[in-house]
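Number of protein chains: 2
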Amino acid sequence: MKFFRGLILGFVNASLNRKARPNIIYMLMDDLGWGDLGVNGNLHRETPNIDELARSGVVFTDFYSAAPLCSPSRASLLTGRLPIRNGFYTDNAKMRNGYTPQNIVSGIADDEILLSELLQKSGYRTGLVGKWHLGHREQYMPLKHGFDFWFGAPNCHFGPFDQDYPRLPARPGLGRGRAGYFSIPAFDDKHTPNIPVFENDKMIGRYYEEISIDRNNARSNFTNTLRVRALEFVQNSVDAQKPFFLFFTPDSSHAPVYSSPAFAGKSRRGKIGDAIMELDWAIGSIMESVKSLGIMEDTIIVFSSDNGAACVGPVEQCGSNGPLLCCKQTTFDGGMRVPGILSWPGTVEPNQINNDVTGLMDLFTTGLALAEIPIPSDRFIDGKNLINLVKTKHTKNSRKSSPSGTHFFYRGDTLGAVRRGDYKMHVYTWSGTKASSIWHFCRGQNVPNVTTEVQTDHSKAPVIYNIGQDPSEKLPLPTKSAEYKQQRPILEKIIAEHQKTLVLGTPQLNYCDDSVMHWAPPGCEKLGKCLPTPASNYAKCYWDH
Amino acid sequence: MKFFRGLILGFVNASLNRKARPNIIYMLMDDLGWGDLGVNGNLHRETPNIDELARSGVVFTDFYSAAPLCSPSRASLLTGRLPIRNGFYTDNAKMRNGYTPQNIVSGIADDEILLSELLQKSGYRTGLVGKWHLGHREQYMPLKHGFDFWFGAPNCHFGPFDQDYPRLPARPGLGRGRAGYFSIPAFDDKHTPNIPVFENDKMIGRYYEEISIDRNNARSNFTNTLRVRALEFVQNSVDAQKPFFLFFTPDSSHAPVYSSPAFAGKSRRGKIGDAIMELDWAIGSIMESVKSLGIMEDTIIVFSSDNGAACVGPVEQCGSNGPLLCCKQTTFDGGMRVPGILSWPGTVEPNQINNDVTGLMDLFTTGLALAEIPIPSDRFIDGKNLINLVKTKHTKNSRKSSPSGTHFFYRGDTLGAVRRGDYKMHVYTWSGTKASSIWHFCRGQNVPNVTTEVQTDHSKAPVIYNIGQDPSEKLPLPTKSAEYKQQRPILEKIIAEHQKTLVLGTPQLNYCDDSVMHWAPPGCEKLGKCLPTPASNYAKCYWDH
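Those protein sequences? They're chains L and S, same order as listed. Count the first sequence with numbering that gives the first Met the number 0 and you get residues 0 to 544, in order. Count the second sequence with numbering that gives the first Met the number 0 and you get residues 0 to 544, in order.
Be careful, since some hints might not be right.
Where chains are identical, the list cannot tell them apart; a pair therefore holds if satisfied intra-copy or between any two copies.
[Stated by the list, open to error] In silico DSSO-like cross-links for lysine-lysine, where the CA-CA straight-line distance does not exceed 27 Å:
id	residue 1	residue 2
1	Lys265	Lys479
2	Lys473	Lys433
3	Lys492	Lys93
4	Lys484	Lys201
5	Lys143	Lys241
6	Lys201	Lys525
7	Lys479	Lys539
8	Lys473	Lys93
9	Lys93	Lys459
10	Lys492	Lys539
11	Lys93	Lys433
12	Lys433	Lys479
13	Lys539	Lys290
14	Lys484	Lys265
15	Lys395	Lys265
16	Lys265	Lys390
17	Lys484	Lys473
Hints in this document: simulated from the structure, not taken from any laboratory.
Based on the provided sequences and hints, a complete structural model is requested.
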């Protein structure tokens with residue numbers, strides 16, 4: 000039946016398709032923390048549109064990213080699989096956070112199946128507006144992986160690379176990888192090109208050049224540019240009478256944060272607040288467009304973030320993880336618990352709260368279910384269909400007092416923790432740096448034997464939290480308590496089963512090479528923006544933390 | 000005009016009064032933290048009724064208690080004055096949190112003017128349902144201080160005192176004061192009576208005796224009892240055709256927390272969550288009653304808490320301060336920033352957020368303004384009228400990007416910090432205990448030079464935060480920054496002016512005496528519950544922290 004429907008998709012009336020299969024808008028913010036939204040208790044309540052989106056549907060309170068940083072998290076959303084399975088990790092060193100800086104050699108593996116690919120094949124019009132971050136060499140780019148349309152950049156808006164930043168010393172035997180924007184020693188313009196912005200498969204300019212970012216004043220109009228492109232994509236999709244998938248991934252809340260002059264100083268929170276207020280406004284604008292085009296009841300909108308807020312450097316560059324422990328880069332809840340909002344007026348009932356253990360990987364499976372596409376059966380899929388957990392006009396799921404679901408907290412190649420229901424067990428911890436460092440990922444927080452400055456193996460005496468009672472991970476259960484003794488074997492068994500059946504993906508984030516940087520991206524000729532490509536210096540990437 | 004109106008109040012039609020002057024319901028929770036409400040981002044969202052109250056009016060995000068613990072905070076609400084002015088502090092030792100255990104000798108001074116007294120005089124029917132905590136000797140009790148009706152207890156529900164707790168060793172030269180429920184060494188029944196519950200001026204029983212509390216299982220029906228009494232008071236006031244003031248002060252969220260069997264295990268948060276869910280239900284019941292009696296538009300409801308959540312002992316006994324630093328007992332925001340909700344349907348517009356620096360002392364002035372009573376002019380009043388800060392059908396106050404207002408953070412006799420607008424300056428810090436202690440008031444948190452284990456005078460190099468950007472007080476402004484240099488003289492001037500004009504109240508929390516405990520409260524004869532009163536051992540109270 001499904002197969003037959005697939006065959007005739009091209010022939011049936013497009014508006015019929017739209018009724019049967021909803022449009023899908025996934026909005027994925029960058030380094031926005033759990034506590035950055037009014038609806039999640041941000042002290043300043045500066046996100047009225049996102050809060051309204053939340054009221055119109057479901058807030059998932061226990062929604063996790065699949066990794067404590069950007070590239071692996073995004074790869075997991077689109078594949079429905081943990082980074083350890085889809086290859087978005089490094090084993091150059093233990094428990095290191097790899098991602099895709101512009102000298103990364105690899106990207107999303109061809110044998111991974113992406114949500115965008117399946118939606119595109121099944122008749123959806125697919126668009127990515129914003130950051131990609133799954134690899135930037137030709138074979139890894141969005142249009143090769145299921146997107147009909149792309150406007151945005153392949154990497155973060157780090158830079159400018161043509162100023163007098165200190166030069167990175169060569170590391171003997173290692174490539175010049177980067178592992179966190181603050182520690183990226185930028186080069187002069189002869190050594191590092193600025194990141195290009197693409198429209199489809201051609202660059203249209205570079206950050207800090209044609210795409211203006213005033214880093215000193217945290218100003219750029221780029222969020223508005225992305226907003227306009229998203230609105231155009233929605234409008235064009237409606238005109239084309241096809242169901243659409245919009246993946247909206249602005250990155251202004253990632254340091255160096257920025258906002259348009261119209262939002263300068265609007266927030267009490269400083270620059271990060273201005274950026275978030277503009278994102279909220281842009282999202283409100285997309286919501287308004289969906290409404291005014293009359294497709295609100297045919298469109299599901301999901302809002303989330305790629306990982307917890309970063310908390311290094313000045314507070315003006317940092318989001319908020321609310322009451323959660325630590326930040327981006329860690330396997331504590333502050334690193335991986337992120338906002339989770341789902342709205343589908345007319346189908347999903349409003350004002351719902353869901354406390355199940357859910358997350359970004361579920362968006363793969365949910366998207367396929369919405370589009371009536373079978374889940375791939377030839378590989379392990381971590382995601383589940385979120386619609387099965389919420390109240391809809393068809394189903395009567397109600398809130399449970401005990402949450403269901405399991406989540407594995409990986410940092411690079413290492414499993415740090417597992418959560419099942421209300422219990423989270425840490426087997427390997429690392430805050431990442433010394434508490435005295437300005438790079439400390441648990442700033443102002445200190446839980447003895449948990450926020451460890453060095454990598455610490457707890458497998459012989461795991462740290463267990465009742466996350467329901469202690470969501471801030473402040474007070475581990477006493478090892479002699481009945482609760483600890485009851486939970487430990489349950490959680491250890493879950494890990495053992497996971498590890499027994501785990502098929503490791505080939506690590507994609509191991510090798511760097513300066514020759515693969517954006518010297519001469521497609522389209523550079525037309526703009527006269529091609530730079531000479533240096534010789535290859537292919538080597539293992541160095542990942543700091 | 001006002002004077003004349005006062006004179007004729009007794010003669011005019013009561014229902015006319017009600018229209019002109021709203022009923023006032025203040026709901027003050029006990030040790031409920033800023034982060035305990037769904038509307039403030041509690042991870043579990045278990046307070047639908049309070050959240051609904053918030054949506055129907057104003058959320059004050061920067062709402063402070065006048066003290067980091069119970070008795071002084073309550074005295075300040077009712078007097079509109081800081082504890083250092085109204086006498087609810089101790090100078091037995093520096094920066095100590097005194098309160099009113101049952102061996103305290105004093106209470107609210109007769110020359111303080113209470114909101115309840117002024118409302119009663121002006122024709123309001125005044126009722127206290129719940130904990131009093133402003134002194135329990137005859138002259139300090141609620142009916143002597145402006146309340147027509149009282150049902151509740153004068154002290155916390157500590158106990159039971161008839162079990163084999165270790166006996167408190169005598170402290171040479173000091174009375175047997177107590178300074179925190181966990182450190183209260185309870186006595187056997189010959190040494191310490193259980194706390195009585197009063198109806199008006201007569202006891203009707205004692206906690207753990209007639210008023211059942213099963214401490215082991217955290218069970219008691221007392222919240223429901225208070226709810227029923229509150230509903231009766233509202234109904235009786237409507238029947239009496241008089242405007243009313245209900246001060247509703249349940250204490251089940253104060254350790255040892257409790258809830259009715261109907262709420263046992265309902266919350267993911269454990270016992271504290273069960274208690275809060277029951278409080279939310281009780282509050283919903285009062286809201287429903289106000290609605291069904293047809294007085295919703297004639298009734299203003301304010302919801303708050305006496306201080307930040309406590310965070311000592313097991314997490315099941317602890318509320319949440321969300322992203323704020325430290326807990327009850329401290330001058331950090333976690334000790335004193337509390338929920339602040341105001342609802343007055345038909346007059347105050349719904350869905351408002353106010354970020355001004357506000358607090359419990361404002362409820363004195365707001366209450367007087369609502370009742371058209373002049374503010375006392377013979378003394379300094381710290382409170383201001385909250386209605387002037389919000390949008391009403393008459394006024395168009397709108398949200399400001401920079402908050403107004405000033406707050407002084409005292410702990411006992413010592414000024415710890417001051418806040419003006421978005422800046423908070425700490426001049427004296429003390430977390431209260433060693434970080435290694437289970438009594439640490441900043442559990443899991445550690446901000447160097449701020450969460451100090453010993454009392455630390457910062458007056459020579461104050462610690463300044465931009466609370467707008469850094470509400471978690473994690474990253475003090477660098478002393479060399481322009482922002483620091485700009486703010487320091489402003490904040491120092493505010494302190495200097497405050498101290499220059501400060502008239503110290505006579506400290507009421509200095510002396511303890513076991514003979515003043517509840518041996519033979521009024522009404523004990525009728526119940527056969529009088530205990531023999533021991534000889535006086537009047538001495539200075541000992542306050543731990």
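A quick look at each hint next to the structure:
no.: 1; hint: Lys265 / Lys479; in the structure: between (51 Å within a copy, 26 Å between copies)
no.: 2; hint: Lys473 / Lys433; in the structure: both (19 Å within a copy, 16 Å between copies)
no.: 3; hint: Lys492 / Lys93; in the structure: within (23 Å within a copy, 53 Å between copies)
no.: 4; hint: Lys484 / Lys201; in the structure: neither (58 Å within a copy, 49 Å between copies)
no.: 5; hint: Lys143 / Lys241; in the structure: within (20 Å within a copy, 75 Å between copies)
no.: 6; hint: Lys201 / Lys525; in the structure: within (10 Å within a copy, 92 Å between copies)
no.: 7; hint: Lys479 / Lys539; in the structure: neither (44 Å within a copy, 41 Å between copies)
no.: 8; hint: Lys473 / Lys93; in the structure: within (26 Å within a copy, 30 Å between copies)
no.: 9; hint: Lys93 / Lys459; in the structure: within (19 Å within a copy, 46 Å between copies)
no.: 10; hint: Lys492 / Lys539; in the structure: neither (35 Å within a copy, 58 Å between copies)
no.: 11; hint: Lys93 / Lys433; in the structure: within (17 Å within a copy, 35 Å between copies)
no.: 12; hint: Lys433 / Lys479; in the structure: between (30 Å within a copy, 24 Å between copies)
no.: 13; hint: Lys539 / Lys290; in the structure: neither (49 Å within a copy, 69 Å between copies)
no.: 14; hint: Lys484 / Lys265; in the structure: between (51 Å within a copy, 23 Å between copies)
no.: 15; hint: Lys395 / Lys265; in the structure: between (42 Å within a copy, 20 Å between copies)
no.: 16; hint: Lys265 / Lys390; in the structure: between (37 Å within a copy, 20 Å between copies)
no.: 17; hint: Lys484 / Lys473; in the structure: within (19 Å within a copy, 35 Å between copies)
Violated hints for the displayed structure, listed by number in ascending order: 4, 7, 10 and 13.
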